[in-house]
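Protein sequences, first through last, are from chains A and B. Each residue of the first sequence is one higher than the one before, starting from 62 at the first, in this note's numbering. Each residue of the second sequence is one higher than the one before, starting from 6 at the first, in this note's numbering.
To be clear, the hints were calculated from the coordinates, so they are not data collected in a lab. Take every hint as true, because none was put in to throw you off.
Lysine to aspartate or glutamate pairs mimicking EDC-like chemistry, simulated, CA-CA at most 20 Å apart:
1. K73/A <-> E79/B
2. K73/A <-> E249/B
3. K217/B <-> D268/B
4. K134/A <-> E114/A
5. K73/A <-> E126/B
6. K73/A <-> D240/B
7. K212/B <-> E232/B
8. K134/A <-> E115/A
9. K154/A <-> D108/A
10. K179/B <-> D253/B
11. K73/A <-> E142/A
12. K212/B <-> D268/B
13. K141/A <-> E98/A
14. K73/A <-> E242/B
15. K41/B <-> E21/B
16. K65/A <-> D153/A
17. K141/A <-> D153/A
18. K73/A <-> E77/B
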Amino acid sequence: MSGKCYVARSSKIAARMMGNEMMIMLAPESTLFTLNEVGSVIFNAADGTTPLEEIVAERVCSEFDVEFDVALKDAEHIVKELAGHGVLLVSDKPINPPLAFAQVAR
Amino acid sequence: MASLSTASAAADVVIEIGGFPIRLSTDDPTFVEMLKERYAGFVTSGTNAQIEFDVALFPPDSMLGNGDVRVERESGQWLMDRGDFRANWNPSAARGIIRQSANPYSINSVLRIVHTLLLAEQGGFLVHASSAVRNGRAFLFAGVSGAGKTTMARLAPPDATLLTDEISYVSRQKDGYYAYGTPFAGDLGRLGENMRAPLAALYLLRKGTENKVEPLGAAEASRALLENILCFARDSEVVRSVFEAACDFVCRVPIRRLTFTPDARVWEMIA
Numbered sequence: 062m063s064g065k066c067y068v069a070r071s072s073k074i075a076a077r078m079m080g081n082e083m084m085i086m087l088a089p090e091s092t093l094f095t096l097n098e099v100g101s102v103i104f105n106a107a108d109g110t111t112p113l114e115e116i117v118a119e120r121v122c123s124e125f126d127v128e129f130d131v132a133l134k135d136a137e138h139i140v141k142e143l144a145g146h147g148v149l150l151v152s153d154k155p156i157n158p159p160l161a162f163a164q165v166a167r
Numbered sequence: 006m007a008s009l010s011t012a013s014a015a016a017d018v019v020i021e022i023g024g025f026p027i028r029l030s031t032d033d034p035t036f037v038e039m040l041k042e043r044y045a046g047f048v049t050s051g052t053n054a055q056i057e058f059d060v061a062l063f064p065p066d067s068m069l070g071n072g073d074v075r076v077e078r079e080s081g082q083w084l085m086d087r088g089d090f091r092a093n094w095n096p097s098a099a100r101g102i103i104r105q106s107a108n109p110y111s112i113n114s115v116l117r118i119v120h121t122l123l124l125a126e127q128g129g130f131l132v133h134a135s136s137a138v139r140n141g142r143a144f145l146f147a148g149v150s151g152a153g154k155t156t157m158a159r160l161a162p163p164d165a166t167l168l169t170d171e172i173s174y175v176s177r178q179k180d181g182y183y184a185y186g187t188p189f190a191g192d193l194g195r196l197g198e199n200m201r202a203p204l205a206a207l208y209l210l211r212k213g214t215e216n217k218v219e220p221l222g223a224a225e226a227s228r229a230l231l232e233n234i235l236c237f238a239r240d241s242e243v244v245r246s247v248f249e250a251a252c253d254f255v256c257r258v259p260i261r262r263l264t265f266t267p268d269a270r271v272w273e274m275i276a
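Can you build the whole structure from these sequences, using the hints too?
So this is what it looks like as structure tokens:
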């Protein structure tokens with residue numbers, strides 16, 4: 062991905078943090094996704110207004126012992142995959158106002 | 006098209022599962038007698054059915070036979086279709102109509118679908134699980150076909166009361182979760198007892214060479230539970246409700262992995 066990348070959670074999902082994994086249900090297909098801790102951090106921070114690079118730098122690298130370039134590459138892979146399933150929305154501009162998010166991480 | 010009115014119905018029967026009485030009316034008394042026999046124990050004489058279905062019976066060759074079930078919401082009504090039946094239900098009017106041939110299987114499927122929709126509204130669900138009550142508490146044994154649901158029911162000690170060997174009914178109420186008996190029988194071919202009990206635990210079944218109980222993490226428990234919950238509706242609201250219900254359930258009810266051999270001693274581990 063070149064340039065800034067903004068990510069937002071789709072309104073078509075329901076999500077819940079269970080243990081240390083994020084469970085995501087895509088409706089109405091009833092497709093279930095599970096994110097590991099890094100994926101969960103990115104998902105939770107996907108507010109549509111924070112660039113992915115900033116999420117990686119300030120959330121991922123600060124919580125996990127990983128270099129920025131490596132973390133960014135992994136994050137881009139996760140985002141691309143989730144966007145392909147309709148779980149995340151991706152844009153080169155802020156996704157603002159944010160969509161009506163499904164309930165997350167109680 | 007058959008009328009929604011029950012005025013011309015020659016016979017009816019009220020079947021109460023999970024505390025929801027549903028009246029089925031038709032112009033064929035023989036069909037109603039068959040239902041009374043099949044659902045014995047779940048037939049009530051109540052006049053206060055919460056949902057009224059007219060059952061319009063068609064010759065068997067006029068139906069298309071089994072196919073994929075389709076449950077969709079359209080203009081405030083639920084449309085249910087599987088080839089061997091077509092049904093619609095208007096929740097706000099609490100009325101509907103079922104079109105099928107005079108067989109017990111189609112209407113059994115419609116009842117399952119309707120109950121999944123009713124339960125989704127209140128945080129409950131139907132789940133592929135056998136269940137039994139012992140010492141006043143209900144235990145569920147969930148798993149896919151062949152996992153051992155019926156085996157666990159067969160191995161139950163004499164003081165256990167069978168709720169079902171196939172489809173368990175989980176209702177969320179103010180003071181917690183309750184399991185209800187259902188007439189949805191599996192290989193055992195025996196209806197459950199029409200009773201309820203507070204739910205003590207859910208065991209995910211796995212056949213093995215020894216009996217052992219292991220705790221499950223929340224994520225693994227959620228995944229396994231969701232795999233076993235019945236959800237027919239391709240509807241965002243219902244899918245979300247079921248997802249939330251499963252997650253809430255996992256947070257409140259102990260879920261364990263039960264590896265077992267077909268030996269009655271496995272019940273010594275159930276508590």
